[in-house]
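There are 2 protein chains.
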Amino acid sequence: MSILVVGSVAFDRIITPFGTADRCLGGSATYFAVAASFFAPVNLVAVVGDDFTDEDAAIFKGRNINLDGLQKVKGARTFFWAGEYGFDLNVAKTRETQLNVFADFKPRLNDVQRASEVVFLANIDPDLQMDVLHQCKKPRMVALDTMNYWISAKKDALTRAFQNVDLIVINEAEVRQFTQEANLVKGCRQILTLGAKTLVIKRGEYGVLMFTRDAVFAVPAYPLENVFDPTGAGDTFAGGFLGYLASCRQADDRELRRAIIFGSVLASFTVEKFSLDRLREITLADVQERYRAFRALTHFEDYS
Amino acid sequence: MSILVVGSVAFDRIITPFGTADRCLGGSATYFAVAASFFAPVNLVAVVGDDFTDEDAAIFKGRNINLDGLQKVKGARTFFWAGEYGFDLNVAKTRETQLNVFADFKPRLNDVQRASEVVFLANIDPDLQMDVLHQCKKPRMVALDTMNYWISAKKDALTRAFQNVDLIVINEAEVRQFTQEANLVKGCRQILTLGAKTLVIKRGEYGVLMFTRDAVFAVPAYPLENVFDPTGAGDTFAGGFLGYLASCRQADDRELRRAIIFGSVLASFTVEKFSLDRLREITLADVQERYRAFRALTHFEDYS
Chain A
-9 MSILVVGSVA
1 FDRIITPFGT
11 ADRCLGGSAT
21 YFAVAASFFA
31 PVNLVAVVGD
41 DFTDEDAAIF
51 KGRNINLDGL
61 QKVKGARTFF
71 WAGEYGFDLN
81 VAKTRETQLN
91 VFADFKPRLN
101 DVQRASEVVF
111 LANIDPDLQM
121 DVLHQCKKPR
131 MVALDTMNYW
141 ISAKKDALTR
151 AFQNVDLIVI
161 NEAEVRQFTQ
171 EANLVKGCRQ
181 ILTLGAKTLV
191 IKRGEYGVLM
201 FTRDAVFAVP
211 AYPLENVFDP
221 TGAGDTFAGG
231 FLGYLASCRQ
241 ADDRELRRAI
251 IFGSVLASFT
261 VEKFSLDRLR
271 EITLADVQER
281 YRAFRALTHF
291 EDYS
Chain B
-9 MSILVVGSVA
1 FDRIITPFGT
11 ADRCLGGSAT
21 YFAVAASFFA
31 PVNLVAVVGD
41 DFTDEDAAIF
51 KGRNINLDGL
61 QKVKGARTFF
71 WAGEYGFDLN
81 VAKTRETQLN
91 VFADFKPRLN
101 DVQRASEVVF
111 LANIDPDLQM
121 DVLHQCKKPR
131 MVALDTMNYW
141 ISAKKDALTR
151 AFQNVDLIVI
161 NEAEVRQFTQ
171 EANLVKGCRQ
181 ILTLGAKTLV
191 IKRGEYGVLM
201 FTRDAVFAVP
211 AYPLENVFDP
221 TGAGDTFAGG
231 FLGYLASCRQ
241 ADDRELRRAI
251 IFGSVLASFT
261 VEKFSLDRLR
271 EITLADVQER
281 YRAFRALTHF
291 EDYS
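Chains as they are written, first to last, in this note's numbering: chain A, -9 to 294; chain B, -9 to 294.
Treat the hints loosely; a few may be bogus.
Which copy is meant is left open, because identical chains are indistinguishable; a pair holds if it fits in one copy or across any two.
Result set (SDA-like, lysine to any residue): computed pairs, CA atoms no more than 25 Å apart in a straight line [to be verified]: (1) K51 - Q170; (2) K145 - R179; (3) K83 - A172; (4) K187 - D292; (5) K128 - V175; (6) K62 - D101; (7) K176 - G194; (8) K176 - Y75; (9) K127 - R239; (10) K83 - R193; (11) K263 - V175; (12) K127 - I5; (13) K176 - I5; (14) K83 - V277; (15) K176 - E195; (16) K263 - E195; (17) K176 - V277; (18) K263 - E171; (19) K187 - T43; (20) K176 - R285; (21) K176 - R193; (22) K176 - V81; (23) K176 - L214; (24) K96 - K144.
Everything labelled a hint here was simulated from the structure, so no lab data went into it.
Pulled out of the complex, with its shape left as it was, chain A reads as follows (with noise of 0.2 Å):
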């Protein structure tokens, strides 16, 4: 099944304790995307300024991914975001962000796009996000991210998206937040009752937990001795999660849990470099070979 992913393209600074990376490729389109095509087509769609240049695009090229929606915008730059990270590496504090080219983003899909099975509406304005999903033809799956500005300055809105999806991909403290209620359990009954069949929570390097209406299933994030840049793990896992089931031939509690690991592993590899840097480099093989590893990270036999 193809995938539609409707996001941002962006150029990044990031600033951690151990160096500074100016005009990185960024955006969650770019690394859901990539994560997404190494189990299925992916239709991008996004907009850039002319400052984004052919190098630029080169990250989707020899992929499975269709440009047909990466709108260039002459005499405008692209979407730009400074982010800085502590010595933990958690939670980026936001420096700067130029909206450019992204301010006027109204995507208008193609008959390709609309037909994609697998829809992805990154963190975008939720009246954004159900446009793009109005113009879809039946898509079998829905899934979407957000984020605290959304949950604070567009609720009603972010609800009715939420109403109208499959599967919610957010954070422990959007719940929080979304639901103001504590403990984060409760949170999650309580959203996946407005609708959705599946809401996956990231917990950063603590890992992911999901919630079906019958099942819980909890993995740690994989133990790294290099943490770079933790830009864009968040984007990499829901590229890496949803690509993984649309290739598949159902979303039964079996390959949910694959997809939750070979998120996980994607994203495992997207924070030891900056940017999309280790992303551009691994192979199938090296994604399967994570696999393996978080098998034996994770194993444990019944008492006997």
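Following the hints, put chain B in place on chain A, whose structure we already have.
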């Protein structure tokens, strides 16, 4: 094999946003002993004041816990701790500590205690930990816990203690504080070079990581809808972990992983009610049922 635990028996005042409990039974040795006694006989060595009643001691009765080492000091009061938790129930802020009888605690082991095959040195002065260890006859496995205070106040003594045990059970922040290394994996490897074969990292609501020379094992905590009081979760974990190991023929990788799960299971019960109220009511069958729930929570298959 029998287990020796040397640590505190205490009265706690627990303040949470959901309620306050006063004169709760607490203390590291208390939680540890009750948890470990599900699997193996325990020799408890601790000290209380004459405010510690038979009713208080009832928690140990009908379990496999030898109380010959529970010294009662006349005219003195039991160790007292008051801690307050915020809405996330994560880290306790200490509001008050009264050492009382604990100030002069200088354990002298009898022959039965000295012959214990497994030794747990709960969080006390590292010099005292070593003093206890020197009284033991060739134990087969020695483990210790510590806290931020000893890392600041007695780092040399603590380093010597680390060099003389098989197993260290500490939390994430303590690894970083002790090693001054931001990356947890590197910090853990650094501590292992001191001599211990196994390092177990407690991560609270995020579960447990275990490092040995050859392997890393990670498990999430059990997601609970009702968390009332995290006090004692770490010592309960240590009790379940070492208790199970004491019941095994050998502590190989397979049994160490099972032990981590049993420790996590016991700890997941502790936090469901104040003090030891939940531990008091559960049976081995409850423990085994939640072990199976942990399997369901974490299991995923190899990719096909």
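Practice prompt. Against the earlier hints, flag every one the structure doesn't satisfy and list their numbers going up.
Written response: 1, 5, 12, 14 and 19
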